[in-house]
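Enquirer: As a plain string of letters, each chain reads:
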Amino acid sequence: MSKSGISRPGTPYLLLLPGVAFLFTFFLWPIANLAQTSTQTPVAGGDTGEYEQSLRWQNYIDAFLENKEQFGRSFLYAAIATVAALAIAYPLAYAIAFKAGKYKNVLLVLVVAPFFTSFLLRTIAWKQILGEQGFVVPLLRDLHIIAPSTTLTSSAFAVVSGMTYNFLPFMTLPIYASIDRIDPRTLEASGDLYANGLTTFRKVTLPLSMPGVVAGTLLTFIPAAGDYVNAAILGSPQTKMIGNVIESRFFKIVDYPTAAALSFTLMAAILILVTVYIRKAGTDELV
Amino acid sequence: MRTVSRWFQRNLIRIYAVIAFTYLLIPVAYTVAFSFNDGGKSNLIWKGFTFDNWMNPCGAPEVCTALGNSIKIGFLATLFSTILGTMIAFAIGRHKFRGRSTTNLMIFLPMATPEIVLGASMLSLFLTLKVNPGFWPTVLAHVVFCMSFVVVTVKARIASLDPRLEQAAMDLYANEFETFRRVTLPLVAPGIAAAALLAFSLSFDDFIITNFNSGTMTTFPKFVYVSAARGIPPQANVIGSAMFIIALTVVILGQIVGRKRAVK
Numbered sequence: 670m671s672k673s674g675i676s677r678p679g680t681p682y683l684l685l686l687p688g689v690a691f692l693f694t695f696f697l698w699p700i701a702n703l704a705q706t707s708t709q710t711p712v713a714g715g716d717t718g719e720y721e722q723s724l725r726w727q728n729y730i731d732a733f734l735e736n737k738e739q740f741g742r743s744f745l746y747a748a749i750a751t752v753a754a755l756a757i758a759y760p761l762a763y764a765i766a767f768k769a770g771k772y773k774n775v776l777l778v779l780v781v782a783p784f785f786t787s788f789l790l791r792t793i794a795w796k797q798i799l800g801e802q803g804f805v806v807p808l809l810r811d812l813h814i815i816a817p818s819t820t821l822t823s824s825a826f827a828v829v830s831g832m833t834y835n836f837l838p839f840m841t842l843p844i845y846a847s848i849d850r851i852d853p854r855t856l857e858a859s860g861d862l863y864a865n866g867l868t869t870f871r872k873v874t875l876p877l878s879m880p881g882v883v884a885g886t887l888l889t890f891i892p893a894a895g896d897y898v899n900a901a902i903l904g905s906p907q908t909k910m911i912g913n914v915i916e917s918r919f920f921k922i923v924d925y926p927t928a929a930a931l932s933f934t935l936m937a938a939i940l941i942l943v944t945v946y947i948r949k950a951g952t953d954e955l956v
Numbered sequence: 111m112r113t114v115s116r117w118f119q120r121n122l123i124r125i126y127a128v129i130a131f132t133y134l135l136i137p138v139a140y141t142v143a144f145s146f147n148d149g150g151k152s153n154l155i156w157k158g159f160t161f162d163n164w165m166n167p168c169g170a171p172e173v174c175t176a177l178g179n180s181i182k183i184g185f186l187a188t189l190f191s192t193i194l195g196t197m198i199a200f201a202i203g204r205h206k207f208r209g210r211s212t213t214n215l216m217i218f219l220p221m222a223t224p225e226i227v228l229g230a231s232m233l234s235l236f237l238t239l240k241v242n243p244g245f246w247p248t249v250l251a252h253v254v255f256c257m258s259f260v261v262v263t264v265k266a267r268i269a270s271l272d273p274r275l276e277q278a279a280m281d282l283y284a285n286e287f288e289t290f291r292r293v294t295l296p297l298v299a300p301g302i303a304a305a306a307l308l309a310f311s312l313s314f315d316d317f318i319i320t321n322f323n324s325g326t327m328t329t330f331p332k333f334v335y336v337s338a339a340r341g342i343p344p345q346a347n348v349i350g351s352a353m354f355i356i357a358l359t360v361v362i363l364g365q366i367v368g369r370k371r372a373v374k
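Chains as they are written, first to last, in our numbering: chain A, 670 to 956; chain B, 111 to 374.
Isolated chain B, as found in the complex (with noise of 0.2 Å):
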C-alpha cells in the first residue's frame, strides 16, 4: 500500500498532464470520429461506420463554397499581414526611434480588444461609409487583427537573431542591402514562415469577426455556427477533421526540417 501512494506521489503530476490531455483532445477525437458517422444530414448521433462522407466532402449544400471562401479570405488577409507586419517588426525590432513605445502600444491594442468590439466598430465604420459588408471587409477586418500577432511573432525571432552574424557580412564587405538579404532575411524567415501561418489559422477560424463584417457571404466557421442549429452535416467534420491533419502535418514536417538544420 506504500508503495502504491508513494508511485502515485512521484506521478502526480503525469497523471495530472494525462487527464489535461484528455480534456484538450476529446472533443477533437469527437470531431474527427463523427466525420466516419453515417449519420444523414443531421450527425448528432453515431449511427455506424462510413467512408461516404469522405469521399463526398462537398455533399452537403454550401459547404464546400464556405470552405472556399475562407480558404480565399485567409490567403489574402496572411498574405497582407505578413507584409505589413514583418515590416512594423524589423523597425521595432532593428531601430531606435522616437514614437517607438506607441507604436508598440498601438500593435498591443488590437490584441486586447473583444473581438466582438472589433467587429461591432468595422462592421459600424463601413455602416456609416455606405460599404456593404462582404469579401473585402472581411479581409481587411482579419488583417487588422492578424497583423499585430505577426508583428509579435516576427519581433521575438528579430530579438533573437545574435548581431555578430550581420557584423561578419558587413566586416566581409557586404553593403547594407546584401548583408539584409543574404543574412538577416534568412535566418528572420522561420519566424515570418510561423507568423504566416499564425495569421492563417486565426484567419480561417475566426468567427465573431467574420459575422459582422462578411454581410450574407458564408464562410467555414460561419456555415457551422449556422447549421449548428439543426445539427451539422458530416462533411463539416471532413473538412475539420481534413484541416486538422494538415496543420498537423505541416507542423510536424517543420519540426523534423528545423531539428535537421539544428543539427548540421
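If we strip away everything but chain A, and leave its shape as in the complex, we get (with noise of 0.2 Å):
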C-alpha cells in the first residue's frame, strides 16, 4: 500500500458520502416533504390529519396573514433580545480577552457553564427569580422602580429577557475568540498614532472584531426567531411567537398544511435576513 489508498482522487468523495448521504435523507428530503405538505388541503370528508395535495399556495397568504401579528413579535422579540445580548456579552468579551489576565481560562468556562444545566430548569428558575416569591419583584418595588401592582412574569419583558439569557453564551464566545485574535501591537500602533482609547477602540478594535459581532447575533437571532419555550414559560396568550403557533398547529390542532406554510415563511423571512445582514456586515466566512 504506497501512495495509493487514501490520496486517490475519490477519497474526498468516499468520506463526504455517508454523511452526505444522511443529510440528504433527514435534512432536505424532510424539508421537501414539508414543502410539499404546505399547499395540501384537508380530504373531503376524510379524518382529522388527512391531507391530499391541491397546490393550494393560498394557504401561505392566508397562514401569514392570520398571524402576522405572531410573525411581528418573533422578529421583534428576536432582535430585542440580539441586541440586548450584544449589549451585555461585547464588554464582557472584551473584559475576558484583555483584562482577565491568567484568570481566562476560569472565565470562560463560567460563560459556557449556564449549558451545563438543562436550559429548561434556568429557564423555569428564570420565571421563579422574576415570579412574585423571587427576591427582583420586592427589590424593584422598595425601590420604587416598579408600581406595587406591576409584576414581570407573563409579560414581553420576561420573554425578552428569557430569551436574552439562553442565548447570551452564543453572543459571548464568537465576540471573545475574535477580540481575542487581535493583535495588541495593533492598538499600540494606533495609540502611537496619537489615537486616544475610544478612537482606537471605534477604528481598530471594533471591525476587527466584526467577525465575531456578526456570529454571535446570528447565533442569537435564529434560534431566537424560532423560539417558542421562553414564550410559553416566561408569557402569557399576548406574547406568543410563530413558533408557539407553529407547535400547537401541528399537535393541538393537527393542520398540517398551515404548521408546514408557516414554517416555510419563518425559514424564509430569516434566510433573507441573514443574507442581507450577512451581505451588509461584509463577512462572507460564514458560508
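Note that these hints are calculated values from the structure, not bench results. A few of these clues could be false.
[To be verified] Quick look at which bits of chain B chain A covers, simulated, 3 or more residues with Cβ under 8 Å:
(1) 159–167
(2) 230–243
(3) 267–278
(4) 298–306
(5) 339–347
(6) 359–372
[As the list claims (entries may be wrong)] Label pairs and their calculated CB-CB ranges:
(7) A:Pro-687 with B:Met-280: 26 to 32 Å
(8) A:Ile-815 with B:His-205: 57 to 63 Å
(9) B:Arg-371 with A:Tyr-946: 36 to 42 Å
(10) A:Pro-906 with B:Phe-218: 34 to 40 Å
(11) A:Glu-738 with B:Phe-218: 29 to 35 Å
Cβ atoms here follow ideal geometry from the backbone N, Cα and C, with glycine treated the same way.
Hints given; two lone chains; assemble the complex.
Expert: As C-alpha cells, then:
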C-alpha cells in the first residue's frame, strides 16, 4: 500500500458519502416533504389529519395573514433580545480577552457553565426569580422602580429577558474569539499614532471584532426567532410567538398544511434577513 | 471623590463583567439551591434545607426513565454524528474537490434552520412514511443538528494543524495510512473529543426537535417542560445540578490535561 489508498482522487467523495447521504435523507428530504405538505388541503369527508395535495398556494397567504401579529412579535422579540445580548456580551468578551490575565480560561468556563444545566431548568428558575416569590420584584418595588401592582412574569419583558439570557453564551463566545485574536501591537500602533482610547476602539478593535459580532448575532437571532419555549414558560397568550403557533397547529389542531406554510415563511424570512445582514456586514466567512 | 470616580472609571468594564456574570449564573445557582429544598412535590417556594432529594434522585415518578432515555439518545446521536461529521470535516479540511462549497453550504444550512422547522419537517416526513415518532426518529433528528456542529469543530482543529508534521512523517518513510494513524489522527483527536462533548450536550439538552419527533417517549427536557405547569419536583433539580457538576469537572480536567501537555 504505497502512495495509493488514501490519496486517490475519489477519497474526499468516499469520506463525504455517508454524511451527505444522511443529510439528503434526513434534512433535505424532510424539508422538501414539508414544502409539499404546505400546499395540501383536507380530504373531503376524511379524518382529522388527512390531507391531499392540491397545490393551494393560498395556504401561505392565509397562514401569514392569520398570524402576522405573531410573526411581527417573533422578529421584534428576537431583535430586542439580540441587541440586549450584544450590549451585555461585547463588554464581557472584551473584559475576558483584555483584562482577565491568567483567569481567562476560568472566566470562559463560567461563560459556558450555564449550558451545563438544562436550559429548561434555567428558564423555569428565571420564572421563579422574576415571580412574586423571587427577590427581584420586591426589591424593585421597594426601590420604587416598578409600581406595587406591577408583575414581571407573563410579560413581554419576561420573554425577552429569558431569550437574552438563554442565548447570551452564543453571543459571547464568538465575540471573545475574534477580540482575543487581535494583535495587541495593532492597538499600540494606534496609540502611537495619537489615537485616544475611544478612537482606537472605534477604528481598530471594533472593525477587527466584526466577524465575531456577526457570528454572535446570527447564533442568537436565528434560534430566538424560532423559539417558543421562552414564550410558553415566561409569557402569556398576549406574547405568543410564531413558534407557539406552529407547535399548536401541529399537535393540538393537527393542521399540518398551515404549520408547514408557517415554518416555510419563517425559514424564508430568516434566510433573507441573514443574507442581507451578512452582505451588509461584509463577512462571507460564515457561509 | 475624584479618586473614587477615577477608580470607578478604570474598573468600569470589570464591574460590568461582574454584573454580566451574576446575570448568567443566578439561574444556575437557583437551580442548584432548589435541589436542596425540602419542598415536597412542587418545588416553588424555599421551605428548608435537606439532603433527601440527593439521596433519592429517582424519587419522583418518571424522572429516571426520562433521564435514561436522554442518555441513550445522547450517546447514539453523539456516536453517529461524530463519525459522520469527522469524515466530512476531513474531506473538506484536507482535500480540494468539486462541490466543496456546496458541501459547506449544506453543512451550514441545518445550523441556520430554526429548530422548530427542523423538528416539524422531520415529523412531517415520518408521518408521510407512516413511521411512528419515538426513540429512533429522535436519534436520527438529533444526528442531523449535531453533525454540523461536529464538522465545524473538527474542521477548525484540522485547519490549525501544522502540515510540516505530516511531511516530516512522510520523510521518515511512513506511508499515508501510517501518517494518518500515528500523526494526523492523534493531533486531531482533541478536536474530535470536543466535538463529541458538544454533540452530547446539544442532544441531551434539546427540547424542541425532541418534542416533535419523540411521540409518547419522555426525555429529561420533556419531563421538565411537562411538569413545569404544576411545579417541577426537586429531583429534576438534583439531576440538573449533577449534570452541571459532572460537565464542569470534565471541562476542568480537560483544561488541566491540555495545559500539562502544552508544558511538555
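Enquirer: Determine which of the earlier numbered hints do not hold for this structure and return their numbers in increasing order.
Expert: 1, 3 and 4
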